[in-house]
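2 protein chains.
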Amino acid sequence: MKKKYTLLALILLIISCETVNKNEFAIVIHGGAGTILKENMSNELETAYKNKMKEALDAGYYILKTSGTSIDAVEAAIKILEDSELFNAGRGSVLSNNEEVEMDASIMTGHNLNAGAISGIKHIKNPISLARKVMEESEHVFLSGKGAEDFAVSKGFETIENNSFITERRLNSVRNAKKRDSIQDNKFGTVGCVALDKFGNITSGTSTGGMTNKKWNRIGDVPIIGAGTYANNNTCGISSTGWGEYFIRNVVAYDISSQIDYLKIDINQAAKNTLKKVKDLGGSGGVIGIDKNGNVMMDFNTKGMYRGYIKSDGEIKIEIYQ
Amino acid sequence: MKKKYTLLALILLIISCETVNKNEFAIVIHGGAGTILKENMSNELETAYKNKMKEALDAGYYILKTSGTSIDAVEAAIKILEDSELFNAGRGSVLSNNEEVEMDASIMTGHNLNAGAISGIKHIKNPISLARKVMEESEHVFLSGKGAEDFAVSKGFETIENNSFITERRLNSVRNAKKRDSIQDNKFGTVGCVALDKFGNITSGTSTGGMTNKKWNRIGDVPIIGAGTYANNNTCGISSTGWGEYFIRNVVAYDISSQIDYLKIDINQAAKNTLKKVKDLGGSGGVIGIDKNGNVMMDFNTKGMYRGYIKSDGEIKIEIYQ
Chain A
-1 MKKKYTLLAL
9 ILLIISCETV
19 NKNEFAIVIH
29 GGAGTILKEN
39 MSNELETAYK
49 NKMKEALDAG
59 YYILKTSGTS
69 IDAVEAAIKI
79 LEDSELFNAG
89 RGSVLSNNEE
99 VEMDASIMTG
109 HNLNAGAISG
119 IKHIKNPISL
129 ARKVMEESEH
139 VFLSGKGAED
149 FAVSKGFETI
159 ENNSFITERR
169 LNSVRNAKKR
179 DSIQDNKFGT
189 VGCVALDKFG
199 NITSGTSTGG
209 MTNKKWNRIG
219 DVPIIGAGTY
229 ANNNTCGISS
239 TGWGEYFIRN
249 VVAYDISSQI
259 DYLKIDINQA
269 AKNTLKKVKD
279 LGGSGGVIGI
289 DKNGNVMMDF
299 NTKGMYRGYI
309 KSDGEIKIEI
319 YQ
Chain B
-1 MKKKYTLLAL
9 ILLIISCETV
19 NKNEFAIVIH
29 GGAGTILKEN
39 MSNELETAYK
49 NKMKEALDAG
59 YYILKTSGTS
69 IDAVEAAIKI
79 LEDSELFNAG
89 RGSVLSNNEE
99 VEMDASIMTG
109 HNLNAGAISG
119 IKHIKNPISL
129 ARKVMEESEH
139 VFLSGKGAED
149 FAVSKGFETI
159 ENNSFITERR
169 LNSVRNAKKR
179 DSIQDNKFGT
189 VGCVALDKFG
199 NITSGTSTGG
209 MTNKKWNRIG
219 DVPIIGAGTY
229 ANNNTCGISS
239 TGWGEYFIRN
249 VVAYDISSQI
259 DYLKIDINQA
269 AKNTLKKVKD
279 LGGSGGVIGI
289 DKNGNVMMDF
299 NTKGMYRGYI
309 KSDGEIKIEI
319 YQ
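Chains as they are written, first to last, in my numbering: chain A, -1 to 320; chain B, -1 to 320.
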């Protein structure tokens, strides 16, 4: 008799483990972290940011809801953020020291650990789509500069003028930064997205124009698999935004995944531990992620982070400040 | 009385843990992994490889023995390997599809998690020295292409003609590969070094010409902190050599470190676990490392790996085949 109850309890436990915190599918995005303060933001601009994030989330959510794949959802959401002037990626990218746009992006799929990354792109409208193409149709993971653009052209991508990415706002920013001889403006513009689809597959993607006034063809954490982007169906998907150098040195995205894997802790605690390491070295920024059970994480140690998610149970959140 | 014995046992245990396997300092190098078979190697060539590895190890060992730093030891050893035509790094680098040398390198110091990396270098004699300069004298971790070379020139580096890196042997290789339209020759030429100095500081460095017949400014694992190179005084230092794409996707160097950190397993078991993941995805290669106690690891899942170490207790090993 006692044995039967034990068995019943065990079955109930297994069922509850499977259902608690289990989201069928989910999507989370970020649009960069940094010194983003309510007192410096007009109501109109705040609404514009929130509307654009909603548009990106909705595009990905619709794909997931209609049984599309997480990679299609991530690409669709990031393209919307890249095409917006509001965020530092695609059109609206910050400018390098020589007043050009140089973009980086990466994508990774968690079911097969495939990955694609590009850096120093100047003439491709949607860098995230090129990162996906590198993953799906080259023998390589990471292509750069002119070579990456030659690959793009060989795959039918259209090239556009570099100045079609450039906005008045970013031109003013870089000229001010050059006067101060500074690369650091405390805003880490990057866009990113992580999605879990109905098939249990996680995809992560990240895209950026890098740092204002960057020199010497600097590569940040965004195209570095393990730092800016990581996805593994057995653990989680992560996209980072922050002071790239510190995110590379701390292997941020993979450090979160490996804690889930090896320490068996949850994604929120893992992210907290990793961001503390970044802060201890002197860096700052944020991360978003989804674990294999659909738990969504958004964490940062800056004043604000453009961020939002939609879960399959309908829960939606879009926030900017702490 | 019982308490006293427990205390005594505890003290003895602590002492034994501290002394067992503790090497005051150590240096380990690799010169690439792949299908390296005794039947394809002349005695003269084998001797040349072993002598050059001995020369590199001795140079680093001398620095460590005379209370120099691990970063000086790693740079000195790698420069000797880069300057040799035998290895795929510096002079003797394999050629890209357009018959040029394009070199990548990275370095990381374990006491402060500082790192420097470069990719797509065509005119700097010793890429490892440029990676060190990026770490020590730029605000960035990773510079690429022409920008990285402009940085080098601004720091007083001399530039040399690309064809001064090119050897007859590598020119034949790339022309054969182009005929076969193959990028994969089952030899992953890379050189790397990890050293632990008397001050307990670990440095790791890696340098390469990449893959024969590579296209599109491909970047492999060598300049990726966490994949090709990682160092942390609390765990270990690692340098990788292998099919770069698989090493990036598995975040190889950091995966070994994180297992030591989170699973509390030894460096040999951690390396074995990580190389199994690489193999399961379809890749191959090898890793070398030293943990914080001076335990040296050299592991690979190919037919051979040019490798060797010297420990402070005088133990020396230089090997090529399985």
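Hints were generated in silico from the structure; no laboratory data involved. Owing to the predicted nature of the structure, the values given are computational and were not obtained by experimental measurement. All residues carry an ideal CB built from backbone N, CA and C; glycine is no exception. Don't take each hint at face value.
Calculated lysine-lysine pairs in the PhoX-like style (CA-CA distance at most 20 Å, straight line) [said to hold, decoys possible]: (1) B:Lys144 / B:Lys48; (2) A:Lys120 / A:Lys153; (3) B:Lys52 / B:Lys309; (4) B:Lys309 / B:Lys275; (5) A:Lys275 / A:Lys262; (6) B:Lys153 / B:Lys120; (7) B:Lys262 / A:Lys262; (8) B:Lys196 / A:Lys213; (9) B:Lys48 / B:Lys196; (10) A:Lys144 / B:Lys144; (11) A:Lys290 / A:Lys309; (12) B:Lys144 / A:Lys120; (13) B:Lys144 / A:Lys213; (14) B:Lys36 / A:Lys144; (15) B:Lys36 / B:Lys48; (16) A:Lys153 / B:Lys196; (17) B:Lys120 / A:Lys213; (18) A:Lys123 / A:Lys50; (19) B:Lys213 / A:Lys144; (20) B:Lys213 / A:Lys120; (21) A:Lys36 / A:Lys301.
Here are a few chain B residues that sit away from chain A, every Cβ distance over 12 Å (derived from the structure) [stated by the list, open to error]: (22) Leu35; (23) Glu37; (24) Lys48; (25) Lys52; (26) His121; (27) Lys123; (28) Lys144; (29) Phe197; (30) Lys212; (31) Arg247; (32) Ala251; (33) Lys262; (34) Asp264; (35) Lys309; (36) Ile314; (37) Tyr319.
Hints, one by one, checked against the model:
no.: 1; hint: B:Lys144 / B:Lys48; result: 35 Å, violated
no.: 2; hint: A:Lys120 / A:Lys153; result: 17 Å, holds
no.: 3; hint: B:Lys52 / B:Lys309; result: 13 Å, holds
no.: 4; hint: B:Lys309 / B:Lys275; result: 29 Å, violated
no.: 5; hint: A:Lys275 / A:Lys262; result: 19 Å, holds
no.: 6; hint: B:Lys153 / B:Lys120; result: 17 Å, holds
no.: 7; hint: B:Lys262 / A:Lys262; result: 14 Å, holds
no.: 8; hint: B:Lys196 / A:Lys213; result: 37 Å, violated
no.: 9; hint: B:Lys48 / B:Lys196; result: 26 Å, violated
no.: 10; hint: A:Lys144 / B:Lys144; result: 11 Å, holds
no.: 11; hint: A:Lys290 / A:Lys309; result: 13 Å, holds
no.: 12; hint: B:Lys144 / A:Lys120; result: 15 Å, holds
no.: 13; hint: B:Lys144 / A:Lys213; result: 11 Å, holds
no.: 14; hint: B:Lys36 / A:Lys144; result: 41 Å, violated
no.: 15; hint: B:Lys36 / B:Lys48; result: 13 Å, holds
no.: 16; hint: A:Lys153 / B:Lys196; result: 53 Å, violated
no.: 17; hint: B:Lys120 / A:Lys213; result: 18 Å, holds
no.: 18; hint: A:Lys123 / A:Lys50; result: 18 Å, holds
no.: 19; hint: B:Lys213 / A:Lys144; result: 11 Å, holds
no.: 20; hint: B:Lys213 / A:Lys120; result: 18 Å, holds
no.: 21; hint: A:Lys36 / A:Lys301; result: 10 Å, holds
no.: 22; hint: Leu35; result: 25 Å, holds
no.: 23; hint: Glu37; result: 29 Å, holds
no.: 24; hint: Lys48; result: 33 Å, holds
no.: 25; hint: Lys52; result: 33 Å, holds
no.: 26; hint: His121; result: 14 Å, holds
no.: 27; hint: Lys123; result: 19 Å, holds
no.: 28; hint: Lys144; result: 7 Å, violated
no.: 29; hint: Phe197; result: 20 Å, holds
no.: 30; hint: Lys212; result: 8 Å, violated
no.: 31; hint: Arg247; result: 5 Å, violated
no.: 32; hint: Ala251; result: 9 Å, violated
no.: 33; hint: Lys262; result: 10 Å, violated
no.: 34; hint: Asp264; result: 14 Å, holds
no.: 35; hint: Lys309; result: 28 Å, holds
no.: 36; hint: Ile314; result: 32 Å, holds
no.: 37; hint: Tyr319; result: 28 Å, holds
Checked against the numbered hints above, the structure violates hints 1, 4, 8, 9, 14, 16, 28, 30, 31, 32, 33; every other hint is satisfied.
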